[in-house]
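K.L.:
Each protein sequence line maps, in turn, to chains A and S. Here the first sequence is numbered in numbering that gives the first Met the number 0, starting from 0 and rising by one per residue. Here the second sequence is numbered in numbering that gives the first Met the number 0, starting from 0 and rising by one per residue.
Don't read these hints as lab results, they were simulated from the structure. What you were told as hints is all true, and nothing was included just to trick you.
DSS-like cross-link-like pairs, simulated, lysine-lysine; straight-line CA separation at most 25 Å: (1) LYS30(S) <-> LYS53(S); (2) LYS46(A) <-> LYS352(S); (3) LYS53(S) <-> LYS1(S); (4) LYS49(A) <-> LYS352(S).
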Amino acid sequence: MLLIPCPYCGPREEVEFACGGEAHIARPANSDRLSDAQWSDYLFMRKNPKGVHYERWNHARGCRRWFNVARDTVTHRIYAVYKMGEAPPSVTP
Amino acid sequence: MKSRYSIFSLARNALHYHRDWDQAWRSPEPKAQYDVVIVGAGGHGLATAYYLAKEHGITNVAVLEKGWLGGGNTGRNTTVVRSNYLWDESAHLYEHSLKLWEGLSQDLNFNLMFSQRGLLALAHNQHELRELSRRVNAIRLNGIDSELMTVEQVKAFCPILDCSPGKRHPILGASLQRRGGTARHDAVAWGFARAADARGIDIIQNCEVTGFRMASGRVEGVETSRGFIGAGKVGVVVAGHASVLAGMAGLRLPIESHPLQALVTEPVKPVLHTVVMSSAVHVYVSQSDKGELVMGAGIDGYNSYAQRGSEPVVENLLNALIELFPIFSRLKLMRQWGGIVDVCPDASPIIGKTPVAGLYFNCGWGTGGFKATPGSGWVFAHTIAQDRPHRLNEAFTLERFGHGYLVDEHGAAGVAH
Chain A
0 MLLIPCPYCG PREEVEFACG GEAHIARPAN SDRLSDAQWS DYLFMRKNPK GVHYERWNHA
60 RGCRRWFNVA RDTVTHRIYA VYKMGEAPPS VTP
Chain S
0 MKSRYSIFSL ARNALHYHRD WDQAWRSPEP KAQYDVVIVG AGGHGLATAY YLAKEHGITN
60 VAVLEKGWLG GGNTGRNTTV VRSNYLWDES AHLYEHSLKL WEGLSQDLNF NLMFSQRGLL
120 ALAHNQHELR ELSRRVNAIR LNGIDSELMT VEQVKAFCPI LDCSPGKRHP ILGASLQRRG
180 GTARHDAVAW GFARAADARG IDIIQNCEVT GFRMASGRVE GVETSRGFIG AGKVGVVVAG
240 HASVLAGMAG LRLPIESHPL QALVTEPVKP VLHTVVMSSA VHVYVSQSDK GELVMGAGID
300 GYNSYAQRGS EPVVENLLNA LIELFPIFSR LKLMRQWGGI VDVCPDASPI IGKTPVAGLY
360 FNCGWGTGGF KATPGSGWVF AHTIAQDRPH RLNEAFTLER FGHGYLVDEH GAAGVAH
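Start from the sequences, fold in the hints, and give me the full structure.
P.N.:
What follows is the structure in structure tokens.
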């Protein structure tokens, strides 16, 4: 069970949240000129790292706001929580 | 050549207090060069090696394993085998696998305890019942056995199911694949390992691949914790670690790794003679030959490589179980564990070539790879040996995420897995 520190509500249990997957994937502005491979890369390809993962979470059963989390996918330790639109912090495990 | 397992060899060895059995497979030192190196000695990797030798006569093969063979998802699943998939591409692939299962114990000379006890998929509302009947028809059109059951038939087939109408999730009907069932998952790894070893294939455990050596777009071998091993071709079958290995070759995959949990109860006398699955309340359960109820449900919702999951997922699973089977409410749980599954956006596998010549990936089986073990190995061996996919796996390329011909099996046979 994860204890996730929502930047708006403080630490809450995992059951209140929904994980939104990899963060910082920007929709390409020039989508009409992308090749199939480039579009596929945006749409489907994921980093899926073994280690620190920058991901989006939604406090679905709380304040219902989205935010970003830097979490280790092996230890599940949460290194940083930061708001949408902020740059990912550098994290040293 | 190893001595065959039979009732006579069992009796003969019993006379010697079982001290003289041959070892099932060797633990050889890796050679400097192989024709084919398979990364990952789970069921799929060992099956690939076995069929490379049996179907294509390629025996200069090594299977490299980071830990011990069959120690990953092969030994962590809920052992369900079935082929009731909706789309033609999947139906043909999984049905080919099921047909291999039906002769596999004899083929491998290893008792896989394959038991075609039937697989019941429940419907709990009218929409689900209509969807289930659509699937049954699609499956039958592909020549695969499947039948629709009324609630009365379900009650007669599996009397301990709570079929009372006033429930929160009443059972309105079900589909049944009588040829579906279970197999002893460890035996699958051991059987393929023993049979592959007998054909001269080296299975090298405690040998972690740390990188690929490539030159001018072609793979030349693998760097491992036991040194460089040269290879003409490399097949990677590493389930949850597919993205990690792909990264070593500079490739990106549409895969995310999630924990999938399973658990067993204390052993009880025979009470459940079939596999029961429900997508609406979300659980699948069968009873092992030891008497334990073996069950699982959905993945944990976040990326993980930790081989463990969160408790709320277990709680949901048990709620669903008790909803269907009030009779199980007093059972104690014995063990609970997690495996790391490689989930694809369309819930279908990727089996094929990569942009690197001589490098092949077999991954993305997600939550449903065990049933496909022999079929997956069979088509992957063909793909490696011929350097082109077999007709059965040509739809399951990595390129499908570019051209958009996905094989959407999220509702596979009415369950999420």
